[in-house]
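In order, the protein sequence lines correspond to chains G and F. The numbering used here applies: residue 2 is where the first sequence begins, and numbers increase by one. The numbering used here applies: residue 1376 is where the second sequence begins, and numbers increase by one.
It is worth saying that the hints were derived from the structure and are not from the lab. Keep in mind that a hint or two might mislead.
[To be verified] No more than 30 Å apart at the CA atoms, straight line, and that leaves these computed lysine-lysine pairs for DSS-like: (1) F/K1432 <-> G/K105; (2) G/K100 <-> F/K1376; (3) G/K108 <-> F/K1432.
[Stated by the list, open to error] Covered stretches of chain G, going by a simulated chain F footprint (3 or more residues, C-beta under 8 Å): (4) 32–41; (5) 44–58; (6) 98–104.
The beta carbon of each residue, even a glycine, is placed where N, CA and C say it ideally should be.
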Amino acid sequence: SQQGEEDPQALSIQEGENATMNCSYKTSINNLQWYRQNSGRGLVHLILIRSNEREKHSGRLRVTLDTSKKSSSLLITASRAADTASYFCATEIQGGSEKLVFGKGMKLTVNP
Amino acid sequence: KAGVTQTPRYLIKTRGQQVTLSCSPISGHRSVSWYQQTPGQGLQFLFEYFSETQRNKGNFPGRFSGRQFSNSRSEMNVSTLELGDSALYLCASRPDRGRETQYFGPGTRLLVL
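Next up, chain G with everything else stripped away, as it sits in the complex:
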């Protein structure tokens, strides 16, 4: 079963706008990660946030983590057409032997 659930499941925006994706999870985690997948290809790691962190930045990406609400959000600023992809949150569950559990993903379309 899925640990994480992304919301919304699909998002369509214009180039230059910001995109926000949310992820909720069920059990205690060591870290939460976001991955991107282009058209049924392999996944690319975007950013990782540990359970004792609240916010991290990487380029145009900002991720937040609220462990009390068991939720995370990924913000992509100044989006580009090349950001069009599916985005997945993945959680490393505490006591889960470093296994990653992925959400079902969210489809982002950035229109030029």
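Based on the hints, put chain F in the right spot on chain G.
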């Protein structure tokens, strides 16, 4: 460094057959994980190998098996294929240090007819 490579990239099989997929991790990575991705179930963890030993296993039937060789290359085998095994099979490797991040290959798309 070269990325994770998977062969073959595409495969068509018929029900009842068996299939072997191969994964070569990034040089120096000793951990290899396998995932199955389908539209209905999403990304599901199959198993992880480290230094030729299976460390973790997901909830898949015994028809799904794997192994890892001394050079860290890994193979995944599915016996007695079913239509529902049609999926994108992804392999990922990770380093000994900074183990949280996984590096994925392009996947093998398997179609079972």
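- Task: Examine the segment 44–58 of chain G for residues whose CB is less than 8 Å from any CB of chain F, and state whether their number is three or more.
- Result: holds (count 4)
- Query: Residue count check for the segment 98–104 of chain G against chain F: does it reach three with CB-CB under 8 Å?
  - Reply: Result for this restraint: holds, n = 7.
- Do the alpha carbons of F/K1432 and G/K105 lie within 30 Å of each other, as the hint requires? holds (20 Å)
- Message: Does F/K1432 sit within 30 Å of G/K108, going by the straight-line distance between their CA atoms?
- Response: holds (28 Å)
- At a Cβ distance under 8 Å, does chain F reach at least three residues of the segment 32–41 of chain G? holds (count 4)
- Holds or violated: G/K100 with F/K1376, Cα cutoff 30 Å? holds (25 Å)
Taken one by one, the earlier hints all hold for this structure without exception.
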